[in-house]
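**Q** Chains as they are written, first to last, in the numbering used here: chain R, 1 to 348; chain P, 1001 to 1348; chain V, 2001 to 2348; chain U, 3001 to 3348.
Some hints here could point you the wrong way.
As the list claims (entries may be wrong) - Dumping the calculated DSSO-like pairs for lysine-lysine here, alpha-carbon to alpha-carbon at most 30 Å:
id	chain 1	residue 1	chain 2	residue 2
1	P	1074	V	2074
2	U	3074	U	3002
3	U	3046	U	3012
4	U	3209	U	3002
5	U	3012	R	74
6	V	2012	V	2046
To be verified - Where chain U lies over chain P, by a calculated footprint (3+ residues, C-beta under 8 Å):
id	segment
7	1191 to 1200
8	1305 to 1316
Said to hold, decoys possible - Here are some chain R residues the structure puts well away from chain U; computed CB gaps all over 12 Å:
id	residue
9	11
10	89
11	318
12	346
I should point out that these hints are in silico values taken from the structure, not numbers from a laboratory. Built from N, CA and C at the ideal position, the CB exists for glycine as well.
Chain by chain, the residues run as shown.
There are 4 protein chains.
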Amino acid sequence: MKALVYHGPGAKAWEDFPMPTLLADTDAIVQVDTTTICGTDLHILKGDVPAMTDGRVIGHEAVGTVTEIGTGVKTLAVGDRVLVSCVTACGTCRYCRAGSFGQCLGGGGWILGNEIDGTQAEYVRVPFADNSTYPVPAGVSDDELLMLADILPTAYEVGVLNGQVRPGDVVVVVGAGPIGLSAIAGAQLFSPSLVVAVDKVSSRLEAAKFFGADVVINNSQQDAVSAVHELTAGLGADVAIEAVGVPATFELAVDLVRPGGHVANIGVHGTSATLHLERIWDRNLTITTGLVDTYSTPTLLRLLAGRQIDAARFVTHHFGFSEFDTAYDVFSRAGDTGALKVVLTRTS
Amino acid sequence: MKALVYHGPGAKAWEDFPMPTLLADTDAIVQVDTTTICGTDLHILKGDVPAMTDGRVIGHEAVGTVTEIGTGVKTLAVGDRVLVSCVTACGTCRYCRAGSFGQCLGGGGWILGNEIDGTQAEYVRVPFADNSTYPVPAGVSDDELLMLADILPTAYEVGVLNGQVRPGDVVVVVGAGPIGLSAIAGAQLFSPSLVVAVDKVSSRLEAAKFFGADVVINNSQQDAVSAVHELTAGLGADVAIEAVGVPATFELAVDLVRPGGHVANIGVHGTSATLHLERIWDRNLTITTGLVDTYSTPTLLRLLAGRQIDAARFVTHHFGFSEFDTAYDVFSRAGDTGALKVVLTRTS
Amino acid sequence: MKALVYHGPGAKAWEDFPMPTLLADTDAIVQVDTTTICGTDLHILKGDVPAMTDGRVIGHEAVGTVTEIGTGVKTLAVGDRVLVSCVTACGTCRYCRAGSFGQCLGGGGWILGNEIDGTQAEYVRVPFADNSTYPVPAGVSDDELLMLADILPTAYEVGVLNGQVRPGDVVVVVGAGPIGLSAIAGAQLFSPSLVVAVDKVSSRLEAAKFFGADVVINNSQQDAVSAVHELTAGLGADVAIEAVGVPATFELAVDLVRPGGHVANIGVHGTSATLHLERIWDRNLTITTGLVDTYSTPTLLRLLAGRQIDAARFVTHHFGFSEFDTAYDVFSRAGDTGALKVVLTRTS
Amino acid sequence: MKALVYHGPGAKAWEDFPMPTLLADTDAIVQVDTTTICGTDLHILKGDVPAMTDGRVIGHEAVGTVTEIGTGVKTLAVGDRVLVSCVTACGTCRYCRAGSFGQCLGGGGWILGNEIDGTQAEYVRVPFADNSTYPVPAGVSDDELLMLADILPTAYEVGVLNGQVRPGDVVVVVGAGPIGLSAIAGAQLFSPSLVVAVDKVSSRLEAAKFFGADVVINNSQQDAVSAVHELTAGLGADVAIEAVGVPATFELAVDLVRPGGHVANIGVHGTSATLHLERIWDRNLTITTGLVDTYSTPTLLRLLAGRQIDAARFVTHHFGFSEFDTAYDVFSRAGDTGALKVVLTRTS
């Protein structure tokens, strides 16, 4: 088969690769019908993800068709169409028992396209297949469903739920890339009174408006803290969601919330930030970090099927599997191309 | 009357001071029968608390007797003996309506001995007296009750409850001074399976054992992270409570918790800390800060009356009001004197 | 002045009544600009509310103008336009400190038009005025605001929040009168995947659709339990909200939920119901009851100002103060008249 | 092998029975080293549990030794000593993913000694063995551990946690049999200010005192509601835990709590109760029911290992496997024999 193989920092190729085989009785082999590129994949290509080694297939999001199952797989059959989640779960360890599948101690967690071969390939081996895939619901397109592999549950769990967004809240999302837009969409499920998007790129702020931000702040042009204080009678936001992953945006998020407020970090950080405890020790703040656990995937599937979430609007570009290079190029130059999520589809 | 008056960094005096008078109809005047010194008072004397100005009375903890009430005071009568809480509460603003009295926007919060004259005096004016005092329960000594003015609710709310201590948890308290010992005592109300105290001073670790720590770690002699990992099969603690207020202890607390763990900061910080987001962004941590809100004071009063809390053991030294200089000296040299809380009592 | 005075079961009159006067320093006198009739007022007229005595003014909802304040009122001034909440709160007792104002032990709770003279009058005395009124926000009409005096916070707190409605849930509201419709509107703030309304009156089910119910079930024509099981793959609803107040509807609500589900009772009950413990002891159900506490009123005010709630659509009929008899008649024959909330407005 | 086989209402026998065999790859066969009798087993013998049929082995609690595992069992090996929990869990269904294993839709739940052959036998087949057993921790006796098969997690989850017991609470436990005593022990983990036990049998109340009840009320001699009101200044208890399973005790539990209080039903009910909604509709009550989910078993194991729980004191009688008739007799006449839990141990 063909797969997109990582060959060290800056190097990747769509090349021949051995077909995956069942390694454990709870594995399934899934033919990838459609996959996408995550911001984390760009980090991998820069060499930022230490577990990723030369010769491994990239990718952790897919919708596909089951072609083979181990003898221990109970809920899937060959031919089933499934969502392959970015998180696999042993289902038995302390964290899985508590629904924190992303922290699985039994060999799961985020391993696809990281510790094992991933989904940017014609076929992928999915460990713990019963707990790591979801049947495709009726009336939902592959494009939409693919958004539930990572981006939507991540923004919902790590941003919206960790941030404890409540009806009537003022919510600021710092960063209006795909994950920030997902947080804007997710926050709206709780009917905040005001959603504010902060970014330095105008086109992203336009997208934020389209995704439902009530107010946008370009913080290359104006001071975001002052602007949010004006909107909140000097108090600050109830919730700030960090969706970038650099120190400045995290520190801004902390500055934006009112006493008693919540800061939910979604961003993948490569360096430390400064926490101004001298300003916040007495402000009753709650700051959270997190990897997606995917406990919310069934909920999001119901919301998708019920049309409470419009996932299709995240997809800006479509490519065939042979066009991975172009797809990566378009996705990595999102500022120019307007790309949010690029979808790659099996063509044969 | 006499009062302990602040005269700029390093300067204080027990001197004549005008008797307080009612300034609002919800004020009460309370004769101070017993008061104590808080670690924060030492910060004030260093000049670290900007709201505190030359000529103001220090102190925010007292048990006393009501001598005069405004016409708007409903639940107190002259002669009532009361606990004066460190936090006063308007009872009407957004934060008070939500039980977050420490963040009062209506003129309350921590103002005694900070924004207005405090309790280290023969008499003190207590604003919003209905919401800022508690009747002395039967069978409870003034010494014990005094511990509910600040230290016990602070450790309980900002440490134990913010840290979400649960039965069976491994709880690490970083810092075994009075507030850390209070956190150890408070954590035990939830039956953790293991309470670990970390400090660099042996005498404090001895005190920690006396207050119920199961394990003590002297982190001038051993690596606390390794030691906690050994105790938890490499996983880390469920909860770490920071009870010092310097960057190193906060950063240690963050390093001590397991994925999904809680870090509750109680320490008063004068400078920023480094938050290693590159290590924790994917670890599902919750970090909290806070000023005491005193919503738990009624609960703690019941626990005190029911003998679930032994507050008396915090009191190591007694002085008369004329001995404030000695008391401050003993308290500020706690490492040498073994002082936890020093109590000053009206002598005439 | 004129007021609607209760004269024992079945008897009321719009008649001369003494002007209210300040009885406590925390009282305010409010000129009633607009008021409305609650289903509970019909219970009062039947003689079902034992605290209500002959000669007392009915009504517990109003928007008006402050004409006089006691010396202890801090946040209001004469001339302020305010919402008068159905619940008054001392702000100091155990329950008020915890935000449970409806259970006030300090002389508040639901007392207007029940234990003291109410709002269906030209003027009303409002106790604990600081904690029992809310300033009229800009851009909100009196009609809309009046819905926040009782019906919307009741349905939101006692139905939606007690029922713990979450995104993706299947929510069944039993009873599609004004309070049931409010629950439907309130549930939508949490983006359920499906809202089902159950009633025996077709016109009410039509209203339910207009207020956002996805599915309506006429349980005089079909079995509601079967219908909900069909909608939920045999499992049952996540949340059932009882909004009628008779045994049959409560028992139906219990039968409608899945294992682990929530039953939130809003209805005012005059008799006991049967709880089939033999069927539910092992089903992990949570059943709640409640009087509104009004802790959510500030949130609802923000949602109203932000247009997340459309409160105006509850108002179906308008009358002047001299038309109370007609207004009661129209409201009490809601099945025929289609009345939801009838609004009575000062005409001079 | 030998097993205790149910033969219809009133009939059972310790008789020859076919050795269990693996039916699924996730099954394990466990040699039963020690087992016990549950109150539910007495219900079964009366014919009250419809799923139980003639010819099936009774029992759902055991500590034993793994003798055979299916190919899909990952975490167990032959020879491992394990606790066999009363609840088995598929680990994959909606309820298991949420930690509600007792409501498993994938073939688990409470099935041992109910829908399939149980543990009162020399060997038992345990389905979903990875998720339904727990390794025996060091330093814990079989007697102690056996109490974690059902009684302790049931009382803790369904009584204490559902009842939301908090430090300082007044907790009333209605019924001082084994499950009520477990609730008393479990409640103490949260440091209530007062634990009250209510029963009609003096010897049980004596046991309640021994297990930590601060006050006991014999409600054949005095009115429990009056007595609890006297203890709580007329307010009522914070939490009432029902641990009997008849209408009168449930109705008493509801009457015992204060406004805002919690009623947690543990009892297995065979008939309906009356819910006095006319008295409680406005009292902000929360009433819960539940089957144990065993999500707390790992926590209880840690508490047991840490000696926060004294489980051994539940065991009043020991028998060999050949003495099942005597053991049932002693357990069923607990009023006379003082039996709490009777333990049966393999003798060869």
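**Q** Failing hints, ascending?
**A** 4, 5 and 10
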